[in-house]
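**Q** Listed here are the chains, written in short residue letters.
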Amino acid sequence: MKKNVHIDSDSILVERLLQKDEMAFNDLYERYSGPLYGSILKITSDRVLAEDILQEAFVKIWQNLHTFNSEKGTLFSWIFRIVRNTALDKVRLKYNNVEIQTDDHVVLINSTSSKTSINEDGVGLDHIVNSLEPSEKTLIDLAYFGGFTQVEIADKLQIPLGTVKTRTRKALKHLRKIFE
Amino acid sequence: MDIKAYRESGILERFALGTASEKEMAEVRCLSGIYPEIREELMSIEESLESYALAHAQPTAPELKGKIWKKIKNLPLDKAKGEDSPLRKIPPKRPVSTTWMRAALILMLIGLAGIMFLYTRTSSIYQEKIAELNTEINNKEQLLAEAQSNLDLNTKLLATMRSEDFLQVPLGGLEGKIEEASADLYWNPNTREALLKTDNLPPAAEGKDYQLWAIVGDNPVDAGVFKPDDFFTLKVLENVDNPIAFAVTLEDEGGVAQPTMEEMYLFGASPESEVN
Numbered sequence: 001m002k003k004n005v006h007i008d009s010d011s012i013l014v015e016r017l018l019q020k021d022e023m024a025f026n027d028l029y030e031r032y033s034g035p036l037y038g039s040i041l042k043i044t045s046d047r048v049l050a051e052d053i054l055q056e057a058f059v060k061i062w063q064n065l066h067t068f069n070s071e072k073g074t075l076f077s078w079i080f081r082i083v084r085n086t087a088l089d090k091v092r093l094k095y096n097n098v099e100i101q102t103d104d105h106v107v108l109i110n111s112t113s114s115k116t117s118i119n120e121d122g123v124g125l126d127h128i129v130n131s132l133e134p135s136e137k138t139l140i141d142l143a144y145f146g147g148f149t150q151v152e153i154a155d156k157l158q159i160p161l162g163t164v165k166t167r168t169r170k171a172l173k174h175l176r177k178i179f180e
Numbered sequence: 001m002d003i004k005a006y007r008e009s010g011i012l013e014r015f016a017l018g019t020a021s022e023k024e025m026a027e028v029r030c031l032s033g034i035y036p037e038i039r040e041e042l043m044s045i046e047e048s049l050e051s052y053a054l055a056h057a058q059p060t061a062p063e064l065k066g067k068i069w070k071k072i073k074n075l076p077l078d079k080a081k082g083e084d085s086p087l088r089k090i091p092p093k094r095p096v097s098t099t100w101m102r103a104a105l106i107l108m109l110i111g112l113a114g115i116m117f118l119y120t121r122t123s124s125i126y127q128e129k130i131a132e133l134n135t136e137i138n139n140k141e142q143l144l145a146e147a148q149s150n151l152d153l154n155t156k157l158l159a160t161m162r163s164e165d166f167l168q169v170p171l172g173g174l175e176g177k178i179e180e181a182s183a184d185l186y187w188n189p190n191t192r193e194a195l196l197k198t199d200n201l202p203p204a205a206e207g208k209d210y211q212l213w214a215i216v217g218d219n220p221v222d223a224g225v226f227k228p229d230d231f232f233t234l235k236v237l238e239n240v241d242n243p244i245a246f247a248v249t250l251e252d253e254g255g256v257a258q259p260t261m262e263e264m265y266l267f268g269a270s271p272e273s274e275v276n
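Sequence lines, in order, name chains A and B.
All residue numbers for the first sequence refer to this note's numbering, where the first residue is 1 and numbers rise by one.
All residue numbers for the second sequence refer to this note's numbering, where the first residue is 1 and numbers rise by one.
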């Protein structure tokens, strides 16, 4: 049930956005700018750069809205991909490469973003951090925010590729349980 | 397709995490369109990641929203690729003189008349041709159907020959007759089906037929006539129980009640009977 609601609201919002409606833009921004900004801050702690990235990404989203297909995935995952790729391109350009730290649950080059934020479902980051194994969170963060492939992750963390694969699957299963 | 194995392969997770290769991404997009189970699984993973990202929300600077909206609003129109932008330019209508329109209309009518003329002249030629082609197609279809039924039969026969339910009885050419001739008889004791394949047996002379016999106990039982050019002959021998051997004789056309022993061409003992 929840899924259908999701698809419908996605496609309704996109339809309104395609009409170039300012209210629709407002809704989109209110719904997703926070998580997107937070995600960008996982890649760079430079807030000015992060805001630039968010602006550029919103323009790209706006220009490519007609290519979104609600049958092929959620609106957020489509938007997230644009934002993340914009961020990674910019950050790589600026820093030549993305440094990551894996000693904490804060990874990538971000070191300032706060751990305490609340999402709409009331499941805070602290709750997730407490529920997920630190190694599970690292794997998800590296792939999801950092855009690292499983081969790259295996290389960075010095663990076998097969282990990365099975642990990532397990971590995502775990994540699904948390949000069920 | 094994959906369960696919769901467990990890490709959907890589897709949702945005780390799948281009090829994998195209594959997942395609398959999630075909299989609802894959799509649901993918959506579910994406939703949990969305919740995960939502949990990482950070407040943006208050003036940022206005800045972005201003940027979007001022985008040049041709860059906004909306399919049905209400502002898309419509080419202006040019006035067309009625004289030109008349001339064009007359030309069109002349052209149309020409086409009609050519059509009626050529259509009869084409109809003949079509009829010819149809006949040809019918003939080809018939040939194809025959070939198909032959193939079906041969496939069935080959399967029969290989099946363990059938005993193979090799028949050899008899001395003084056609010694290089031979045959294989496949016999299914349960269903009483018999299958005969001959080798080097020449066609029977005019007014003659080859006749197959099953030897049950001391008595030869008529198993029907056949032509050696039948590559395979399959029949059910209702009256044959535990045959100890099979034989082929040359008889008058249509077959006879008792075999002519002097005209026996092929003979072979059933392997089962030897064991017994």
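Keep in mind that the hints were calculated from the coordinates and are not lab data.
Note that the Cβ used here is the ideal one computed from N, Cα and C, for glycine as well.
The reader is advised that the hints may include incorrect statements.
DSS-like mimics (lysine-lysine), calculated; alpha carbons at most 25 Å apart, straight line [as the list claims (entries may be wrong)]:
| id | chain 1 | residue 1 | chain 2 | residue 2 |
| --- | --- | --- | --- | --- |
| 1 | B | K73 | A | K90 |
| 2 | A | K20 | A | K94 |
| 3 | B | K23 | A | K72 |
| 4 | B | K208 | B | K197 |
| 5 | B | K177 | A | K20 |
| 6 | B | K23 | A | K170 |
| 7 | B | K197 | B | K156 |
| 8 | A | K60 | B | K71 |
| 9 | B | K23 | A | K60 |
| 10 | B | K23 | A | K20 |
| 11 | A | K60 | B | K70 |
| 12 | A | K90 | B | K65 |
| 13 | A | K90 | B | K4 |
| 14 | A | K94 | B | K197 |
| 15 | B | K67 | A | K20 |
| 16 | A | K94 | B | K67 |
| 17 | A | K20 | B | K70 |
| 18 | A | K165 | B | K73 |
| 19 | A | K90 | B | K227 |
| 20 | A | K170 | B | K4 |
| 21 | B | K208 | A | K60 |
| 22 | B | K23 | A | K165 |
| 23 | A | K173 | B | K4 |
| 24 | B | K4 | A | K177 |
| 25 | A | K72 | B | K156 |
| 26 | B | K177 | B | K156 |
| 27 | B | K156 | A | K60 |
| 28 | B | K73 | A | K60 |
Sample of chain B residues with no beta-carbon within 10 Å of chain A, all distances over it, derived [said to hold, decoys possible]:
| id | residue |
| --- | --- |
| 29 | A16 |
| 30 | R39 |
| 31 | L42 |
| 32 | T60 |
| 33 | L75 |
| 34 | Q142 |
| 35 | L144 |
| 36 | E179 |
| 37 | L234 |
**Q** Evaluate each hint against the coordinates.
**A** Results for each hint:
1. B:K73 <-> A:K90: holds (24 Å)
2. A:K20 <-> A:K94: violated (33 Å)
3. B:K23 <-> A:K72: holds (16 Å)
4. B:K208 <-> B:K197: holds (19 Å)
5. B:K177 <-> A:K20: Since the Cα atoms of K177 of chain B and K20 of chain A sit roughly 97 Å apart, the hinted pair is violated (cutoff 25 Å).
6. B:K23 <-> A:K170: holds (24 Å)
7. B:K197 <-> B:K156: Given that 25 Å is the threshold and the Cα spacing comes to 14 Å, the pair holds.
8. A:K60 <-> B:K71: holds (11 Å)
9. B:K23 <-> A:K60: Given that 25 Å is the threshold and the Cα spacing comes to 23 Å, the pair holds.
10. B:K23 <-> A:K20: Violated - the C-alpha atoms of K20 of chain A and K23 of chain B are around 33 Å apart, more than 25 Å.
11. A:K60 <-> B:K70: holds (14 Å)
12. A:K90 <-> B:K65: Within the cut-off at roughly 21 Å; holds.
13. A:K90 <-> B:K4: violated (39 Å)
14. A:K94 <-> B:K197: Since the Cα atoms of K94 of chain A and K197 of chain B sit roughly 82 Å apart, the hinted pair is violated (cutoff 25 Å).
15. B:K67 <-> A:K20: holds (16 Å)
16. A:K94 <-> B:K67: Distance of about 23 Å is within 25 Å: holds.
17. A:K20 <-> B:K70: holds (12 Å)
18. A:K165 <-> B:K73: violated (44 Å)
19. A:K90 <-> B:K227: violated (85 Å)
20. A:K170 <-> B:K4: With a Cα-Cα distance of about 16 Å, the restraint between K170 of chain A and K4 of chain B holds, given a limit of 25 Å.
21. B:K208 <-> A:K60: Outside the cut-off at roughly 90 Å; violated.
22. B:K23 <-> A:K165: holds (18 Å)
23. A:K173 <-> B:K4: Status holds; Cα separation ~15 Å.
24. B:K4 <-> A:K177: holds (19 Å)
25. A:K72 <-> B:K156: This hinted pair is violated, its Cα atoms lying about 47 Å apart.
26. B:K177 <-> B:K156: violated (32 Å)
27. B:K156 <-> A:K60: With Cα atoms ~63 Å apart, K156 of chain B and K60 of chain A exceed 25 Å; violated.
28. B:K73 <-> A:K60: holds (13 Å)
29. A16: violated (7 Å)
30. R39: The claim breaks: R39 of chain B does not keep its Cβ more than 10 Å from every Cβ of chain A (closest is about 8 Å).
31. L42: violated (7 Å)
32. T60: violated (5 Å)
33. L75: Non-interface label on L75 of chain B violated, nearest chain A Cβ at 7 Å vs cutoff 10 Å.
34. Q142: holds (47 Å)
35. L144: The claim holds: L144 of chain B sits with its nearest Cβ about 42 Å from chain A, beyond 10 Å.
36. E179: Correct as stated: the minimum Cβ-Cβ distance to chain A is 68 Å, above 10 Å.
37. L234: L234 of chain B clear of chain A: closest Cβ-Cβ about 54 Å, beyond 10 Å.
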